[in-house]
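2 protein chains.
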Amino acid sequence: MLSRTSFSVSRTRARLFLSSSTAPLPACARFPRFHPHSLATTTQPSSAMSTFKQEPHKLLVIPGPIEVTDEVLYANAHPSMSHVSADFIPVFGDCIRMLRELLFTQDAQPFLIAGSGTLGWDQVAANLVEPGENALVLNSGYFGDSFSDCLRTYGAKVDEIVAPFGDAVSLSELEAALKQKKYKVVTFTHVDTSTGVLSDAKGIAATVKKVSPDTLVIADCVCSVASEEIRFDDWGLDVVLTASQKGLGTPPGLSILVASQKAIKVFETRASPVTSYYGSWKKWLPIMKAYESGTPAYFATPPVNLIYAFNTALKQITKQSPSIEERFRLHRETSARLKHAVEELGLKQLPVKSSVAANGMTACYFPDGLTAADIIPPLLKKDIVIAAGLHKDYKLKYFRIGHMGISAIDSTRRDVDKVIAALKESLAEAQAGKNALSQTARTRVVDRSMPAARL
Amino acid sequence: MLSRTSFSVSRTRARLFLSSSTAPLPACARFPRFHPHSLATTTQPSSAMSTFKQEPHKLLVIPGPIEVTDEVLYANAHPSMSHVSADFIPVFGDCIRMLRELLFTQDAQPFLIAGSGTLGWDQVAANLVEPGENALVLNSGYFGDSFSDCLRTYGAKVDEIVAPFGDAVSLSELEAALKQKKYKVVTFTHVDTSTGVLSDAKGIAATVKKVSPDTLVIADCVCSVASEEIRFDDWGLDVVLTASQKGLGTPPGLSILVASQKAIKVFETRASPVTSYYGSWKKWLPIMKAYESGTPAYFATPPVNLIYAFNTALKQITKQSPSIEERFRLHRETSARLKHAVEELGLKQLPVKSSVAANGMTACYFPDGLTAADIIPPLLKKDIVIAAGLHKDYKLKYFRIGHMGISAIDSTRRDVDKVIAALKESLAEAQAGKNALSQTARTRVVDRSMPAARL
Numbered sequence: 017m018l019s020r021t022s023f024s025v026s027r028t029r030a031r032l033f034l035s036s037s038t039a040p041l042p043a044c045a046r047f048p049r050f051h052p053h054s055l056a057t058t059t060q061p062s063s064a065m066s067t068f069k070q071e072p073h074k075l076l077v078i079p080g081p082i083e084v085t086d087e088v089l090y091a092n093a094h095p096s097m098s099h100v101s102a103d104f105i106p107v108f109g110d111c112i113r114m115l116r117e118l119l120f121t122q123d124a125q126p127f128l129i130a131g132s133g134t135l136g137w138d139q140v141a142a143n144l145v146e147p148g149e150n151a152l153v154l155n156s157g158y159f160g161d162s163f164s165d166c167l168r169t170y171g172a173k174v175d176e177i178v179a180p181f182g183d184a185v186s187l188s189e190l191e192a193a194l195k196q197k198k199y200k201v202v203t204f205t206h207v208d209t210s211t212g213v214l215s216d217a218k219g220i221a222a223t224v225k226k227v228s229p230d231t232l233v234i235a236d237c238v239c240s241v242a243s244e245e246i247r248f249d250d251w252g253l254d255v256v257l258t259a260s261q262k263g264l265g266t267p268p269g270l271s272i273l274v275a276s277q278k279a280i281k282v283f284e285t286r287a288s289p290v291t292s293y294y295g296s297w298k299k300w301l302p303i304m305k306a307y308e309s310g311t312p313a314y315f316a317t318p319p320v321n322l323i324y325a326f327n328t329a330l331k332q333i334t335k336q337s338p339s340i341e342e343r344f345r346l347h348r349e350t351s352a353r354l355k356h357a358v359e360e361l362g363l364k365q366l367p368v369k370s371s372v373a374a375n376g377m378t379a380c381y382f383p384d385g386l387t388a389a390d391i392i393p394p395l396l397k398k399d400i401v402i403a404a405g406l407h408k409d410y411k412l413k414y415f416r417i418g419h420m421g422i423s424a425i426d427s428t429r430r431d432v433d434k435v436i437a438a439l440k441e442s443l444a445e446a447q448a449g450k451n452a453l454s455q456t457a458r459t460r461v462v463d464r465s466m467p468a469a470r471l
Numbered sequence: 017m018l019s020r021t022s023f024s025v026s027r028t029r030a031r032l033f034l035s036s037s038t039a040p041l042p043a044c045a046r047f048p049r050f051h052p053h054s055l056a057t058t059t060q061p062s063s064a065m066s067t068f069k070q071e072p073h074k075l076l077v078i079p080g081p082i083e084v085t086d087e088v089l090y091a092n093a094h095p096s097m098s099h100v101s102a103d104f105i106p107v108f109g110d111c112i113r114m115l116r117e118l119l120f121t122q123d124a125q126p127f128l129i130a131g132s133g134t135l136g137w138d139q140v141a142a143n144l145v146e147p148g149e150n151a152l153v154l155n156s157g158y159f160g161d162s163f164s165d166c167l168r169t170y171g172a173k174v175d176e177i178v179a180p181f182g183d184a185v186s187l188s189e190l191e192a193a194l195k196q197k198k199y200k201v202v203t204f205t206h207v208d209t210s211t212g213v214l215s216d217a218k219g220i221a222a223t224v225k226k227v228s229p230d231t232l233v234i235a236d237c238v239c240s241v242a243s244e245e246i247r248f249d250d251w252g253l254d255v256v257l258t259a260s261q262k263g264l265g266t267p268p269g270l271s272i273l274v275a276s277q278k279a280i281k282v283f284e285t286r287a288s289p290v291t292s293y294y295g296s297w298k299k300w301l302p303i304m305k306a307y308e309s310g311t312p313a314y315f316a317t318p319p320v321n322l323i324y325a326f327n328t329a330l331k332q333i334t335k336q337s338p339s340i341e342e343r344f345r346l347h348r349e350t351s352a353r354l355k356h357a358v359e360e361l362g363l364k365q366l367p368v369k370s371s372v373a374a375n376g377m378t379a380c381y382f383p384d385g386l387t388a389a390d391i392i393p394p395l396l397k398k399d400i401v402i403a404a405g406l407h408k409d410y411k412l413k414y415f416r417i418g419h420m421g422i423s424a425i426d427s428t429r430r431d432v433d434k435v436i437a438a439l440k441e442s443l444a445e446a447q448a449g450k451n452a453l454s455q456t457a458r459t460r461v462v463d464r465s466m467p468a469a470r471l
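Line by line, the protein sequences give chains V and Z.
Going by my numbering, the letters in the first sequence line up with residues 17 to 471, in that order.
Going by my numbering, the letters in the second sequence line up with residues 17 to 471, in that order.
Careful: at least some of the hints might be erroneous.
Claimed, not checked - Now the in silico label distances, taken between C-beta atoms and shown as ranges:
(1) V:P229 with Z:K411: 44 to 50 angstroms
(2) V:R429 with Z:F181: 41 to 47 angstroms
(3) Z:G252 with V:E284: 40 to 46 angstroms
(4) V:A404 with Z:K369: 54 to 60 angstroms
(5) Z:S309 with V:T456: 34 to 40 angstroms
(6) Z:G252 with V:Q122: 53 to 59 angstroms
(7) V:R168 with Z:P302: 15 to 21 angstroms
(8) Z:E445 with V:K69: 42 to 48 angstroms
What the hints assert, rightly or not - In the BS3-like style, the derived pairs of lysine-lysine whose C-alpha atoms are separated by at most 30 angstroms in a straight line are:
(9) Z:K299 with V:K298
(10) V:K298 with Z:K305
(11) V:K305 with Z:K413
(12) V:K281 with V:K305
(13) Z:K281 with V:K408
(14) V:K298 with Z:K411
(15) V:K408 with V:K450
(16) Z:K440 with Z:K411
(17) Z:K397 with Z:K413
(18) Z:K335 with V:K408
(19) V:K413 with Z:K305
(20) V:K299 with Z:K335
(21) Z:K335 with V:K411
(22) Z:K335 with V:K69
(23) Z:K173 with V:K298
(24) V:K335 with Z:K413
(25) Z:K298 with V:K173
(26) Z:K305 with V:K411
(27) V:K298 with Z:K298
(28) Z:K225 with V:K413
(29) Z:K298 with V:K74
(30) Z:K69 with V:K69
Hints were generated in silico from the structure; no laboratory data involved.
Here the structure is a predicted model, which means the values were calculated and not measured.
Even glycine gets a Cβ: it sits at the ideal position worked out from N, Cα and C.
Isolated chain V, as found in the complex (with noise of 0.2 angstroms):
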């Protein structure tokens, strides 16, 4: 019988990743990377495995889904395993623990649970806010707006502090709002996906340890984790929730959630229940120490072939080259080659300055006159698939492109070369149509005879 393999990338893959890691050695090298033997799939590819090719598709440049390797979509036709065999045990294990090394944790405690990022939300609402306690979420964008809505669905009272449009909260204001109340979390969206709006995760936690050390500093990374920098235990983070189908390269249906120590505690003695059945860490904690240990538990099945997917991918982010920090330095450099190109073409970014843009991910106004139906649909016909806008007050004004994950790291795809080209002609045709219709409109005042629904 032949074992099955997981890890494996493409020998071009992995000498193009290796002829980019001569950089010096990262700084996170106290945080022993694990050396590829110790865990606990094989390394070796099979026949099977070093010939599936993904079929032939447009390209995904949103912000997550994202583009993945063809060695996590062959993990996620994984043929059907026991969630309980001694054979997936430790694939489950190796998750928790390249989840730790990716996020420069040494002791937070990994959450691997079926269901979407917006799940993490609940995980936090439901265990570490008890009904009537006080959070405060620094809102900047669509998911700021949402993550409060959750928190007050489980009872908590919840304060916000909204950002203008395109800018992240500032630390002056934080700061002011934490000394006027006690609250029991302070949430914040790293990248919220709605604007591209990065906001300072090193800050925010620093301010809320300066002001109020017991308030614990909650992270919604569901667009930054593994392509914005995170270091959970330097930062002192309490809780990072994220979603495997952005920067962690994985198709889309795990919620995951890293919790420090000292949220743990919290958690663990609170006054009241646990407000949720599904996303209750009273159930789902010995499942997650079960399986990192080595020994089967069970409380509802996890998505087998997912976290196959999601081992795969954590392996070519933790074990393989680019390393971590190559590969945010990567983001940066496309994220700013593609920021140049979008400013070059006369494009308005959302995020009021660059240093509150996202490195995943570009937000664009729509130039004056154009609409979405201008450019989202031409660059579709160009196979290249972008996303329109999502914030509810502005989404017909802007849109979006994703450059996480193998499309900002793999320079050898050439996958944000694609889009600006595509972008570049797209953008000339719709401005070329536009004048044309202006012609017409300006003809039409002479000749009344053409309909104008047909314009």
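Since the structure of chain V is already known, use the hints to place chain Z on it.
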């Protein structure tokens, strides 16, 4: 650009199925079976699809996850797609439509949410039962305990009728309970995966309708959809909740729930707010309606790849041979064959009578003197994966075999034959080992130099 195919079967498999499809037209003919060409995705297998084979692996015959087809796994390896794209929306919409067809319902409302089956309990408890309302749980095993626990978490006042181990709750007990108190919901586990006990879904629904017609009938069908007969409209069910990894033959990670319009009305007219965020139908109902009508909508990113896989599985179930009715018959026949074989081997089943024994799984006590260690690892060595016990009080006393999906309906796989042969062999080996041991033990009375630990 090639369009990707998620609906295809190998020609050989299709022919084998078709050869058994000469049965008379099923009674469900009044529910029109969709014409394949009305479905969104193409029906031509691509060349890549026709060559994809899952890797050799141990035969998985636990009561879920189950063995799945190559086509389903290949769909799970679909390239990344936008969750709001024109390509993906009808794939999701078709899942909703085919699910109705499978459950024989005209207008019930499906919910497809990233999560495990457990999330279905949260949906019921948070959307249909208001805090302080009465719920009656018909408890036929481990999953009855858990459903009660979930209902209480969201504030329901729960009464339970606990069946004797290996039996289902009787309809007369249900009737008596309904006459004593008014319940918002009655819940039951159609097949309790921990015991293999089958409840009389039709009889339970009829009893509730007769005695307490306003009470909602909630069926936990995680281990019964597509393996046991379920007639949603005819029987008057209000909720069927299930998961992807059992009879539906899809990898785990999808919570699937179908609610009657009566249940939706109860939800819509509730007095208090819904007590979950991620599980809130207030959030999900507009999304499900949008996907079904072919328009994009967003609350949380759906598990796109798993939806492709589920779509493929549902097409195999509802559009190909065998028909849905034939599928039920084949599950009954396979089950009867395995149950007859284990009886011949002298094994006693957990269900106290055949009328309460599931058709998709079999639970047997270990023979006297043997334990899990005598049976499960030897079967594993023969590349067959069965499950240990799960019920809290009896889990060391029995084992479970799953026979759902392709293991039940595709006789060319010979899955159940392999299980029977391996079980017979393992039992004989274990008995021979015990006999040898007891012979050695008798010898030890004379030779006391042998250390006991080595036995």
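Okay, the hints, checked on the actual structure:
Range check, P229 of chain V to K411 of chain Z: Cβ separation about 45 angstroms, and the 44 to 50 angstroms hint holds. Restraint check, R429 of chain V to F181 of chain Z: a C-beta distance of roughly 58 angstroms breaks the suggested window 41 to 47 angstroms. Distance hint check for G252 of chain Z and E284 of chain V: the Cβ-Cβ separation is about 44 angstroms, which falls inside the suggested range of 40 to 46 angstroms. Taken as a hint, the range 54 to 60 angstroms holds for the pair A404 of chain V and K369 of chain Z, whose Cβ atoms sit roughly 59 angstroms apart.
The beta-carbon spacing between S309 of chain Z and T456 of chain V, approximately 35 angstroms, falls within the hinted interval of 34 to 40 angstroms. The given range of 53 to 59 angstroms is respected by G252 of chain Z and Q122 of chain V, whose C-beta atoms sit roughly 56 angstroms from each other. Between R168 of chain V and P302 of chain Z the Cβ separation comes to about 19 angstroms, which falls inside the hinted range of 15 to 21 angstroms. Against the hinted window of 42 to 48 angstroms, the Cβ-Cβ separation of E445 of chain Z and K69 of chain V comes to about 44 angstroms, which satisfies the hint.
Distance restraint check for K299 of chain Z and K298 of chain V: the Cα-Cα separation of roughly 26 angstroms lies within the 30 angstroms cut-off, and the hinted pair is therefore satisfied. Note on K298 of chain V and K305 of chain Z: the hinted pairing is violated, with a Cα-Cα distance of about 34 angstroms set against a maximum of 30 angstroms. Note on K305 of chain V and K413 of chain Z: the hinted pairing holds, with a Cα-Cα distance of about 26 angstroms set against a maximum of 30 angstroms. In summary, the hint linking K281 of chain V to K305 of chain V is supported, as the alpha carbons are separated by about 15 angstroms, within the 30 angstroms threshold.
Distance restraint check for K281 of chain Z and K408 of chain V: the Cα-Cα separation of roughly 28 angstroms lies within the 30 angstroms cut-off, and the hinted pair is therefore satisfied. Among the hinted pairs, K298 of chain V with K411 of chain Z is consistent with the structure: their alpha-carbon atoms are about 22 angstroms apart, no more than 30 angstroms. With a C-alpha separation of about 27 angstroms, the suggested pairing of K408 of chain V with K450 of chain V holds against the 30 angstroms cut-off. As the CA atoms of K440 of chain Z and K411 of chain Z are separated by approximately 22 angstroms, the hinted pair is consistent with the 30 angstroms bound.
Taking the CA atoms of K397 of chain Z and K413 of chain Z, the gap is near 21 angstroms; set against the 30 angstroms cutoff, the hint holds. A threshold of 30 angstroms between alpha carbons decides the hint, and for K335 of chain Z with K408 of chain V the separation of about 40 angstroms lies outside it, so the pair is violated. Restraint check: the Cα-Cα separation between K413 of chain V and K305 of chain Z comes to about 26 angstroms, which is no more than 30 angstroms; the hinted pair holds. Under the criterion of a C-alpha separation no larger than 30 angstroms, the hint pairing K299 of chain V with K335 of chain Z is inconsistent with the structure, at around 39 angstroms.
The hinted pair formed by K335 of chain Z and K411 of chain V fails the criterion: a straight-line CA distance of about 40 angstroms is larger than 30 angstroms. For the given pair, K335 of chain Z sits about 28 angstroms from K69 of chain V by alpha-carbon distance, which is consistent with the 30 angstroms threshold. Under the criterion of a C-alpha separation no larger than 30 angstroms, the hint pairing K173 of chain Z with K298 of chain V is consistent with the structure, at around 21 angstroms. Distance check on the hinted pair: K335 of chain V and K413 of chain Z sit about 43 angstroms apart at the alpha-carbon level, beyond 30 angstroms; violated.
Between the alpha carbons of K298 of chain Z and K173 of chain V the distance comes to roughly 21 angstroms, so the proposed pair stays at or under 30 angstroms and holds. As the CA atoms of K305 of chain Z and K411 of chain V are separated by approximately 21 angstroms, the hinted pair is consistent with the 30 angstroms bound. Of the supplied pair hints, the one linking K298 of chain V and K298 of chain Z holds, its CA atoms being roughly 26 angstroms apart against a limit of 30 angstroms. Only pairs whose Cα atoms come within 30 angstroms are accepted, and K225 of chain Z paired with K413 of chain V is rejected, the gap being roughly 53 angstroms.
Annotation: proposed proximity of K298 of chain Z to K74 of chain V is violated, straight-line Cα distance about 33 angstroms (limit 30 angstroms). Taken as a hint, the K69 of chain Z and K69 of chain V pair is honoured in the structure, with Cα atoms around 13 angstroms apart against an allowance of 30 angstroms.
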